[in-house]
Amino acid sequence: MNKPLHNHTVQELSDLVQSKKVTPTELVNTFHERIEHYDQDINAFVHTNKEISLQQAKLAEEALASGNSSPLTGIPIGHKDIFCTHDMPTTCGSKVLKDFVATYDATVITKSREHGLITLGKLNMDEFAMGSTNQTSAWGAVQNPWNPEHCPGGSSGGSAAAVAARLAPCATGTDTGGSIRQPAAFTGITGIKPSYGRISRYGMIAFASSLDQAGPMTQTAYDAAMLLNAMCGQDPHDMTTSNVPCPDFTASISQPITGLKIGIPEEYFGSGLDAECEEKIQSAISALQKLGAEIVPIHLENLKYAIPTYYLLAPIECASNLARFDGVHYGYREDQTNNIQDMYELSRENSFGDEVKRRILVGTFASSGSYSDEYYKKALQAKNIIRNDYKKAFLDVDVILTPTTTSTAFNMTNNIMTPQQMYLSDIYTVSVNLAGLPGISFPVGFSQNGLPIGAQLIGKRFCEDTILRITHAYQQVTDWHTQYPDSFK
Amino acid sequence: MTELNSTDQNICNDMVTKIAKLARLRLTAQEATDYQENFTELINLFHELDDLDMTLSSTTNRLLTNAQDCRSDSPELTDMSQLSKASPHFNSETKYFDVPQFIEYDNE
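Residue numbers (UniProt numbering), protein chains in the order written: chain A, 1 to 489; chain B, 1 to 108.
Next up, chain A with everything else stripped away, as it sits in the complex (with noise of 0.2 Å):
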């Protein structure tokens, strides 16, 4: 080993577990140290519980042992706070389920464990995944590692920060509009948002149900294919879920890319893109091109449509999601109260916070009486416009790159902008939610004052392993997804 286990990739400490060098337990005691130390720093994971990971270690040992293992028995991995765990709390970044313990595990977590990853911990999160920066915790923000006056993005934001501070070698998160690949710009490592009903949604706590999507975050596209192989599939439990066969995401990966088509829209390009951050995109389109893809002009014309059509029906559905939230059921309570109407404002009213009650409000605005026709269904009919673009786009390409954001992380020191600025800020994600597709954003280079950037590929429905294929090619001739913050190592 010529670098420090921390620094090693899921498909390296693969090979190390496999081949018995290293242990399920010395990779417990490895990650475990270094949360113990520099968690402190970025305030990534909200629980931890080291004896549960090492009982996990033992069950991972004993596999290998027994020779029942899997390319992932015994890699740790921190999962978002938003999955349901039996053995550790899951409060989904708010306080109205502070200390709530899930009676049943998501499947994300069943498939995670079955497979024999260790949890190391839960990870922090915007408050219900509703954020762009992780200030909406209501367990205090999380920092960006490559500069702590930076956020991580959002709202994956705890989970992007462990992986680029190697506090775990990857993370799950969710992404209804972009809380993957945001905070996988933003901090410098790769995230993929599989096509919609590619991974179960059951026990992830809901969101927007029709755009929610959980992925794995990682430092590698290698690493991604290996968690999607084994967090995806169809489950009895979600009716979403896709039949379409799961292909060995892996397999495919190291074919050349050569006579692939990459579209770049032109309205991706240009007036609200960071110059450093365009500059970056467009070299590492020249290297894909180098590699032998072929780069085709395209138009998305109806881009500039994806904000309101998304933040009309991300709150609506979010309204309805969260009125179950309303202190009858579990959670918080708020029970000095004279009467029932009192006592759901109250417990709504006192543990919610604010970006929260703002959705919820928008939500309930637009899908009442009626103005659920003036709003929600011209929500609609847009989210099928935009659709049709990216159907019309990939008659003539095979994959959309794009940036991933219009800029670096954020600054939060000196940050005044409004929820409609931090809303528009989404712009290069959110229509990939509402098309149901594949994306997935890898690091393409750094600013002049050391902040990562990010670029986004985007692939037909189901095809996630055309944007993989890529990314890996790229990752094989650059090594920007190899560097992790100084103050880490």
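To be clear, the hints were calculated from the coordinates, so they are not data collected in a lab. Given the structure is predicted, the values throughout are model-derived calculations rather than measurements. Virtual Cβ for every residue (Gly too), placed ideally from N, Cα, C.
Partner residues are not named here, just some residues of chain A that face chain B (Cβ under 8 Å, in silico):
no., residue
1, K98
2, D99
3, Y305
4, D335
5, Y344
6, L346
7, R348
8, L361
9, A379
10, Q381
11, N384
12, Q420
Starting from the known structure of chain A, arrange chain B on it as the hints suggest.
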């Protein structure tokens, strides 16, 4: 969708409290003011969809028409002790529910 006129804006101001009631939220006066400002900005953003030609676009989901016209949406419970009886796991000291484990896991 028609452009909001000044009357609609006033309705919007008053509506924040009404919407909060529908959403089962009790806002402070400051919150109501803040959210009203956000609403105005967001509604203008939503009206950008007016520029889209929707004539050939169908919705992706079926809508329930007039669903909310069917009920008054005002909960009633005259005896609050009934709520306590229905929630045996509520802990009034912590203000949270104690959730019992009812699934046994093999590896425990």
